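The listed protein sequences correspond, in order, to chains A and B. Taken in order, the first sequence gives residues 13 to 121; the numbers are from the working numbering. Taken in order, the second sequence gives residues 16 to 252; the numbers are from the working numbering.
Watch out, some of these pointers could steer you wrong.
To be verified - Label-pair ranges, simulated between beta-carbon atoms:
1. A:Lys75 to B:Gly163: 48 to 58 Å
2. B:Gly72 to A:Lys109: 23 to 33 Å
3. A:Glu45 to B:Thr61: 44 to 54 Å
4. B:Glu87 to A:Asn57: 33 to 43 Å
5. A:Ala54 to B:Thr59: 49 to 59 Å
6. A:Asn57 to B:Thr61: 22 to 32 Å
7. B:Leu245 to A:Glu46: 55 to 65 Å
8. B:Arg91 to A:Gly52: 42 to 52 Å
9. A:Lys28 to B:Arg114: 41 to 51 Å
10. A:Leu26 to B:Leu159: 20 to 30 Å
11. B:Arg118 to A:Lys69: 38 to 48 Å
12. B:Gly72 to A:Ala110: 16 to 26 Å
13. A:Ala30 to B:Arg145: 42 to 52 Å
14. A:Gly52 to B:Pro55: 44 to 54 Å
These are calculated hints, taken from the structure and not from any lab test. Note that the structure is predicted; figures quoted are calculated from it, not measured. Heads up, the beta-carbon is just placed ideally off N, CA and C, and yes, glycines get one too.
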Amino acid sequence: MNRRSRRYLLIRFLTKEAVSAKALEQTVRRSVEEIVGKFGSAEMNMRVIDIQETDGKGILRCKSQRVESLRAVLALITNVDGTPAAAMVLRSSGTIKALKAGIPRRPRP
Amino acid sequence: MKAYADLHLAPSLDDVANARSMATLLAELHTALIGLAVPPQRLTPTPPIVEAFKSAGIDVAKRLNLKPRSREELLRSLRRFRSRYEIVAVDCGIAPVSRVAVRDRRVDIVYFPKHEHGTVFRGNLARNCRAALEFDISELTSRLGFEGRLHRMKREIEIAAELSATVIGCTGASNSFELRSLRDIAAVLHLFGLPLTSAMRSVSEVPFDMVTRNRLRMGKTQLEDGVKLLRRPADRE
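Make the full structure from the sequences, and use the hints.
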């Protein structure tokens with residue numbers, strides 16, 4: 013059986029006021045559905061791996077073929093529970109380990 | 016790591032604290048160059064926020080946003096200000112202005128406002144377009160009427176992709192909450208129909224080339240495109 017190809021994104025939420033991790037997660041899910049629809053959402057197979065309330069950083073996972081769509085969806089987030097907010101991808105990787113460790117990329121040939 | 020350029024930032028020129036927080040975030044997002052909107056009356060002395068960006072390792076290019084009401088006003092402004100700015104952007108809300116702006120080589124960026132009725136980036140403009148078409152994500156994130164603007168932007172990007180017009184992506188941010196990762200903006204452009212390689216170029220190579228070329232032109236040694244002054248007769252031995 014073929015191994016499913018996935019992509020992990022290290023994201024950062026910037027919010028004007030403190031918001032819960034659950035609210036951040038709900039915002040991402042709602043935004044995915046609004047922008048790419050239910051069908052696109054199912055194709056993307058996005059999962060929230062972890063969101064830290066303290067520094068607003070989190071890890072998302074999606075199918076590698078849909079990573080551009082997820083990036084676009086995150087760029088269009090403007091508020092979380094009515095609080096002005098922004099979400100931005102700091103780094104993307106094929107493994108969580110590389111994402112957490114900050115392992116430098118191999119230079120492209 | 017790839018470096019990105021955001022050629023449209025419009026923070027308050029006196030709010031240094033805001034500029035510092037933006038600079039920190041931009042550095043984290045690998046942004047190496049920004050275009051700072053500075054009106055002509057604030058050009059000298061250099062606004063205090065420029066130093067805040069430079070201390071974070073970000074190169075700052077001065078940008079002029081022109082919103083002329085006629086063709087004559089546009090030409091007059093270009094004659095007067097072109098040599099003082101690294102980037103000149105023109106708001107193409109009026110048809111005669113847009114027809115001149117897309118063709119004039121002194122214009123770097125053309126921008127078609129989505130929130131008001133006016134001209135749109137059509138095929139006839141795209142075919143003659145020498146300037147880069149600006150895609151400003153703040154247009155999508157800061158006002159109401161999301162679907163309408165999304166439709167117009169998607170249409171513009173499709174036309175630009177079809178006719179190989181140059182596109183640049185930027186944030187148009189005035190504070191940290193309006194900032195986005197330039198790589199994510201490339202993803203939005205790709206979702207709108209621009210090939211991924213062109214989308215990536217629109218936030219990296221294209222803006223860097225634009226500023227480098229204009230800085231060369233502003234220098235005394237560049238006489239014309241492709242013509243560089245090596246030495247004057249008096250310098251001969």
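query: Of the numbered hints stated previously, which ones are contradicted by the structure, given in increasing order?
result: 1, 4 and 6
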